[in-house]
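Visitor: Given these sequences and hints, build the entire structure.
Protein chains in written order, with our numbering: chain A, 227 to 630; chain B, 6 to 290.
Simulated from the structure, these hints should not be mistaken for lab results. It is possible that part of the hints are untrue.
Derived contacts from chain B toward chain A, CB cut-off under 7 Å, selection only [stated by the list, open to error]:
#1 51
#2 64
#3 68
#4 74
#5 80
#6 108
#7 150
#8 215
#9 268
#10 269
#11 274
Below are the EDC-like pairs computed for lysine to aspartate or glutamate, each with C-alpha atoms no more than 16 Å apart in a straight line [stated by the list, open to error]:
#12 A:583 to A:599
#13 B:18 to A:477
#14 A:458 to B:67
#15 B:47 to A:311
#16 B:16 to A:457
#17 B:275 to A:599
#18 B:18 to A:298
Every residue, glycine too, gets a C-beta built ideally from N, C-alpha and C.
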Amino acid sequence: MRESLPGFCHYGRVRRGEETRGIGVIVDNQKSNIRMMQGNSACAEGAIAAGCRFFAGYPITPSSEIAEDLAEKLPAIGGNFIQMEDEIAAMGAVIGASLTGVKSLTATSGPGFSLKQENIGFAAMTEVPVVIVNVMRGGPSTGLPTHTSQGDVMQARWGSHGDSGIIVLCPASVEEMFYMTVKAFNFSEKFRTPVILLPDEIIGHLTERIELPDYALLEIVNRSKPIVPPEKYLPYEMVESDIPPMAFFGEGYRYHVTGLAHDETGFPTNDPEKVEEQIRRINRKIERYRDEIVEVEDVFTEDMDVFVVAYGSTARSAKRAVMIARENGIKAGLLRLKTLWPFPDKEIEKIYRRANKIVVPEMNLGQIAHEVEWATRREKPVIRVNHVNGEPLTPKEIYERIKG
Amino acid sequence: MIMDYLYYLRKDKMPHIWCDGCGNGIILKSILRVIDKLGWKKDDIALVSGIGCSSRTPGYVDFNTLHTTHGRALAFATGLKIAKPNLHVIVVSGDGDSTAIGGNHFIHACRRNIDISMVIFNNYIYGMTGGQVSPTTPTGKKATTAPYGNPDAPFDISLLAQGAGAAFVARTTVQQYARMDKFIEMAFTHKGFSVVEVLTPCPTSYGRKNKEGNGVTMLEYQKQNAVTIERAAKLSPEELQGKLVTGIFVDRDQPTYLERYDNVRNKAKKAIPKVRDGENYAIQI
Chain A
227 MRESLPGFCH
237 YGRVRRGEET
247 RGIGVIVDNQ
257 KSNIRMMQGN
267 SACAEGAIAA
277 GCRFFAGYPI
287 TPSSEIAEDL
297 AEKLPAIGGN
307 FIQMEDEIAA
317 MGAVIGASLT
327 GVKSLTATSG
337 PGFSLKQENI
347 GFAAMTEVPV
357 VIVNVMRGGP
367 STGLPTHTSQ
377 GDVMQARWGS
387 HGDSGIIVLC
397 PASVEEMFYM
407 TVKAFNFSEK
417 FRTPVILLPD
427 EIIGHLTERI
437 ELPDYALLEI
447 VNRSKPIVPP
457 EKYLPYEMVE
467 SDIPPMAFFG
477 EGYRYHVTGL
487 AHDETGFPTN
497 DPEKVEEQIR
507 RINRKIERYR
517 DEIVEVEDVF
527 TEDMDVFVVA
537 YGSTARSAKR
547 AVMIARENGI
557 KAGLLRLKTL
567 WPFPDKEIEK
577 IYRRANKIVV
587 PEMNLGQIAH
597 EVEWATRREK
607 PVIRVNHVNG
617 EPLTPKEIYE
627 RIKG
Chain B
6 MIMDYLYYLR
16 KDKMPHIWCD
26 GCGNGIILKS
36 ILRVIDKLGW
46 KKDDIALVSG
56 IGCSSRTPGY
66 VDFNTLHTTH
76 GRALAFATGL
86 KIAKPNLHVI
96 VVSGDGDSTA
106 IGGNHFIHAC
116 RRNIDISMVI
126 FNNYIYGMTG
136 GQVSPTTPTG
146 KKATTAPYGN
156 PDAPFDISLL
166 AQGAGAAFVA
176 RTTVQQYARM
186 DKFIEMAFTH
196 KGFSVVEVLT
206 PCPTSYGRKN
216 KEGNGVTMLE
226 YQKQNAVTIE
236 RAAKLSPEEL
246 QGKLVTGIFV
256 DRDQPTYLER
266 YDNVRNKAKK
276 AIPKVRDGEN
286 YAIQI
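Guide: What follows is the structure in structure tokens.
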């Protein structure tokens, strides 16, 4: 039952007049930064706060409000919004814009996300920072456009071809949509990599209270630019940090960007050693900073018999289920995954032995449950609680499996 | 003074991958001659391509160069141009790249009329992948994936661009190199989306399969069969068989995407008052 989700207002949209929507407003003369806002609007607002000035997209439910809000706001602040002819073009355009130094965003949902995958791989290979939002809807194929799902968790990690690291963040509230969008930009800029924000439809369309910060006080990361003269610049140099500085197109550093395997100069190479070196580096730059990237929320895991692992809107039901369990004398604990990739295996490893069984509720047929089994070495039974019918998992359903 | 091609080339990336008798090098030289004539700075030029023989061009020239995914050059170029309008954005593409996998981007770039110049190297074949049939391969001609002759009807790229709304469209053969220089210069200086389709011989994949001889024979064919649009208008359909119609198809002045978006920006600024300046200012709606 949808009503049972705490703090969940179904498909609400705040309107402040016929022609305008109640989207992200921070005005100096207003004392309060507290708003009622939709998740997708909070994402658009977070992008602007992070410094995003370019959006290219193709409309797809349930992500379109991100595009709609940015179409309204970006031109007013000197940015650009463009609705491209398809999802593939949109992904290409954000990479092109980002090459000139402009922070760029695209937003989509499952089917569109699949179309973008080739160019997401291009961004990973060429190390161009971009943020991709995939508001997950029911699948496979066209599936359930207006209903929720968590079916793209594996696609986010493995959807593109070849081996490349990826960062995937998963918000569970409107406020997190804002902050995680900022964080997604920061990670993409810092690590020169595509970053995926992966809310499910419930979070995208949820309208709830959000307290917006003063944007001037937000921590904003910008990509590091080369300090060497152009003739000495190597765009893919094997630097100590594994993250080479990035020159912008049109600023005097003429270099070559290609999706082909390349050496540190950026030009294509078939030299096995150089190819391996670069591919390993683009993976390593995420692996070695994984502790800085990975974030989890821990609820009552100090003493637990039942360990629940959940993410996105499902984690809200799971949290309620854990509370109900505690009220009924069952020691349950929850680990909410805020980062999905790199997978928080260390965080799970640290605590799973405290419990006798593990419950993984998710709105797919067990994509993350499989990862949890790996992280826990199958030492404890992992019980899956799944839906693929477009309906949210309720606290009651999860509680039944905690109890039983 | 004779221009120095080497000034624009990445000498250490030579030799190039193109086969003997290929016309791509002739087009590359034409592009460089025009850039030299226009006096554009190397730093202000972005050369973008997709995948294929033609699309390896950016690797050889000393500009900001971007070799993208198959068919998507125009999408990347659109982002580049919008985000940095002072860049001269040039797209080089092949017939397969621009009208098969990239067909959608092509017609929409024409419609959008964004200020990008595109040079299409049309050799009627997929050269790099070994001679498979392309959307411009004439009906009945052979290719590795059309061993009994191409059953499909071909695209006329220039007419397609004209119909889709490009601001400037011209077609030439590599054999008419002076004309190619002229058309490319007109395209590079034309406001809006401009297309130059250059017919270029591929003796290795297309010529061999269809018994059309080597590069020289294929150039001879171009010389004997190129007709202007004006002359073509006087010929019957039978007389036009096998002829290569060249000339300027479109030369029109129309508002560009960036000009139209400036209007959007002005309206948006009026609709949404700014309340605080700086990098991360907030706005009121």
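Visitor: Run through the hints listed earlier and report the numbers of any the structure violates, in increasing order.
Guide: 6, 7, 8, 9, 13, 15, 17, 18
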